[in-house]
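Q: One-letter residues, chain by chain:
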Amino acid sequence: MDKPVTKSATLNACPVTSGQFGSFCSFPDKITFEVQHADEHILLLLRQDFIVNTRWILGTIVFALLPVLLPLFPMFYWLPLSFRTALMFGWYVFTFGYALMSFVNWYFNVYIITDERVIDVDFYSLLFKRISETKLEKVEDITASSGGVIQSFFDYGTVNIQTAAEVPEIEFENVPRPDMVTKIISELIFDEGKGQK
Amino acid sequence: MNPATVSKLSTIIDPTSPVLISAPILLLVFKVLLLILVGLYVIYALVIVRQIGLMSRTINTTFESILKIIGWIHFFLSIAVFVVILMA
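Protein chains in written order, with our numbering: chain A, 271 to 467; chain B, 2 to 89.
Hints are supplied without guarantee of correctness; some may be wrong.
What the hints assert, rightly or not - Heads up, simulated SDA-like pairs for lysine to any residue below, C-alpha to C-alpha not over 20 Å straight-line:
id : chain 1 : residue 1 : chain 2 : residue 2
1  : A       : Lys300    : B       : Arg58
2  : B       : Lys32     : A       : Tyr362
3  : B       : Lys69     : A       : Glu441
4  : A       : Lys399    : B       : Leu68
5  : A       : Lys300    : B       : Thr63
As the list claims (entries may be wrong) - Which bits of chain A does chain B cover? Going by a derived footprint, with three or more residues having C-beta under 8 Å, they are:
id : region
6  : 294-303
7  : 360-367
As the list claims (entries may be wrong) - Label pairs and their computed distance ranges (CB to CB):
id : chain 1 : residue 1 : chain 2 : residue 2 : range
8  : B       : Phe31     : A       : Gln432    : 54 to 64 Å
9  : A       : Gly417    : B       : Leu36     : 40 to 50 Å
10 : B       : Ile67     : A       : Tyr368    : 13 to 23 Å
11 : B       : Phe31     : A       : Asp392    : 34 to 44 Å
12 : A       : Glu304    : B       : Ala24     : 50 to 60 Å
13 : A       : Leu397    : B       : Ser66     : 17 to 27 Å
14 : A       : Phe423    : B       : Ala24     : 52 to 62 Å
15 : B       : Ile70     : A       : Ala434    : 39 to 49 Å
16 : A       : Ile331    : B       : Tyr45     : 51 to 61 Å
17 : A       : Leu342    : B       : Lys32     : 17 to 27 Å
18 : B       : Met88     : A       : Pro285    : 52 to 62 Å
19 : B       : Ser66     : A       : Asp411    : 34 to 44 Å
Hints in this document: simulated from the structure, not taken from any laboratory. Don't be surprised by glycine CBs; every beta carbon is placed ideally from N, CA and C.
Construct the complete structure from the given sequences, taking the supplied hints into account.
A: Shown next, in the form of structure tokens:
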């Protein structure tokens, strides 16, 4: 795919990516979204930094290893073998379900910057979804913040975008390279502003 | 206590056991509780499948078909757990 034309020098320096598993995907060529306009191009697709997945990955490993501790609970061996087998099978299916749901939540919670808009797609638990968007020309203020040892070390943080639209603020939570994201949005707004004049 | 009542109680209460309630009854209660729990989990697994479908409609990627298959595998595994517990 050819890169869409953008006047953001920072973004132009970024390569075309597939956008499949990355947290910082510039010009993702294999991704589209539901409310995308026909002539709209995705310039940047962001997910939460991969490091935020550490918690559920470690949780899954611990859950998978917990049956090793079963000899410490002799009560378990009072159960008939068929019950023990069923319980172990069930335990591993629950663990698999936990890992699947955690991954799906990370994978589909995305932040999109197109040549027209900034879009925040949030899925809360299993049943709620919220899509917030604002046009680039309605962006008023952008703040990047990161704090703490882990965020500083892995260079991720939160980008708050104040808007003049109905949605007063869009929050990109735990995204990688928040400074660069801020710079890209600023350059795009400047570009958009020049286009309006 | 008449002999009929004693006979009925003896199927539930085991006087030789220190916990009085016989193991088969305990196992039956345990099994019913597990079946209720896993039954709810099967519904949850179906909701996950549905949710992956809705999410992938919102964001279209080439990986969504694999995720849908994984979701269905998880759903069928949860049904298998239900059946295994039922047969236990």
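Q: Would you mind marking each hint as holding or not holding in the structure?
A: Results for each hint:
1. Lys300(A) / Arg58(B): holds (14 Å)
2. Lys32(B) / Tyr362(A): holds (18 Å)
3. Lys69(B) / Glu441(A): violated (28 Å)
4. Lys399(A) / Leu68(B): At roughly 18 Å apart (the allowed maximum being 20 Å), Leu68(B) and Lys399(A) satisfy the hint.
5. Lys300(A) / Thr63(B): holds (7 Å)
6. 294-303: holds (count 4)
7. 360-367: holds (count 5)
8. Phe31(B) / Gln432(A): 54 to 64 Å: holds (56 Å)
9. Gly417(A) / Leu36(B): 40 to 50 Å: Given a distance of about 48 Å, which is inside 40 to 50 Å, the answer is holds.
10. Ile67(B) / Tyr368(A): 13 to 23 Å: holds (19 Å)
11. Phe31(B) / Asp392(A): 34 to 44 Å: Roughly 40 Å apart at Cβ, these two residues keep to the hinted range, so it holds.
12. Glu304(A) / Ala24(B): 50 to 60 Å: holds (55 Å)
13. Leu397(A) / Ser66(B): 17 to 27 Å: holds (23 Å)
14. Phe423(A) / Ala24(B): 52 to 62 Å: holds (55 Å)
15. Ile70(B) / Ala434(A): 39 to 49 Å: holds (44 Å)
16. Ile331(A) / Tyr45(B): 51 to 61 Å: violated (22 Å)
17. Leu342(A) / Lys32(B): 17 to 27 Å: 24 Å Cβ-Cβ, so the 17 to 27 Å window holds.
18. Met88(B) / Pro285(A): 52 to 62 Å: Distance hint for Met88(B), Pro285(A) holds at roughly 54 Å.
19. Ser66(B) / Asp411(A): 34 to 44 Å: At roughly 40 Å between Cβ atoms, Asp411(A) and Ser66(B) fall inside 34 to 44 Å, so the hint holds.
Violation of the numbered hints given earlier is confined to hints 3, 16; the remaining hints are satisfied by the structure.
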